[in-house]
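Undergrad: The sequence shown lines up with residues -13 to 222 when you count with the working numbering.
These are calculated hints, taken from the structure and not from any lab test. C-beta: ideal position from N, C-alpha, C; glycine also. Honestly, I wouldn't trust all of these hints.
Label-pair distances were calculated between CB atoms; the ranges are [unchecked claim]:
| no. | residue 1 | residue 2 | range |
| --- | --- | --- | --- |
| 1 | R76 | Q51 | 27 to 33 Å |
| 2 | A(-2) | P172 | 18 to 24 Å |
| 3 | S144 | P15 | 44 to 50 Å |
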Amino acid sequence: MILQVHDLGRQAYEPVWRAMSAYTDERGPDSPDQLWLVEHEPVFTQGQAGKAEHVLAAGDIPVVQVDRGGQVTYHGPGQLVAYPLLDLRRLKIGVRQLVEGLEQAVIDTLGVWGIDAQRRDGAPGVYVGGRKIMALGLRVRRGCSFHGLAFNVAMDLSPYARINPCGFAGLQITQVSELGGPDTLPAVAAELLPRLASALGFAGWESANGPDKPVEGSSGLAVVPDQDANRPPTGA
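Using the sequences and the hints given, assemble the complete structure.
TA: Below you can see the structure in the form of structure tokens.
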């Protein structure tokens, strides 16, 4: 199987959330598995485990209560967000395998630039020297996943001081560009995509430009309409 990659460019958060939720609700047994790449406008998203006190001072950045797992995180320009819209039953993988696959793909990608990254027990995501570089929040509905991961590349990290990231007071945040890696989203995506596809059990990936070619930006939300028992959300 081939993973379809859709680059949505820079988008506000809520329209993308509505679109991936609709795709998950409408997809059928033959609907393609997709990975959406997006760079969001500044927003705090509060997962279902989130607590209001973890938003310290949102200021001019909107806070959106969402249906993914986990707690509060920040999205903004310079962050690569990847939403795996997958039929887990067809892939014969569970939520734990999905989480571990996403984490491992990011760990392996960072290894390309000599960055030593790790998981942390009880705190999903990826860390470098105790600092978080990738946050993860998922939901599975009707056996299909949506929401996903947020991978810090080259962004203004100061908004993280306005929250307790993922519910942890004082959690330090880092990004690829500070650690000797590239400072553009296409450069990071080029290394991440084949590793994500492999970690999730796909033979490869394809974009609008054809198999295994760099993803170019696209405008709008090109969602292919499609249509499993609700599962609890997962994330941090």
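Undergrad: Hints first: check each against the structure and report whether it holds.
TA: Hints versus structure:
Checking the proposed 27 to 33 Å range against R76 and Q51 shows it holds: the Cβ atoms sit about 30 Å from each other. As the Cβ distance of A(-2) to P172 is approximately 21 Å, the hint placing it in 18 to 24 Å holds. For S144 paired with P15, a C-beta distance near 45 Å keeps the hint of 44 to 50 Å intact.
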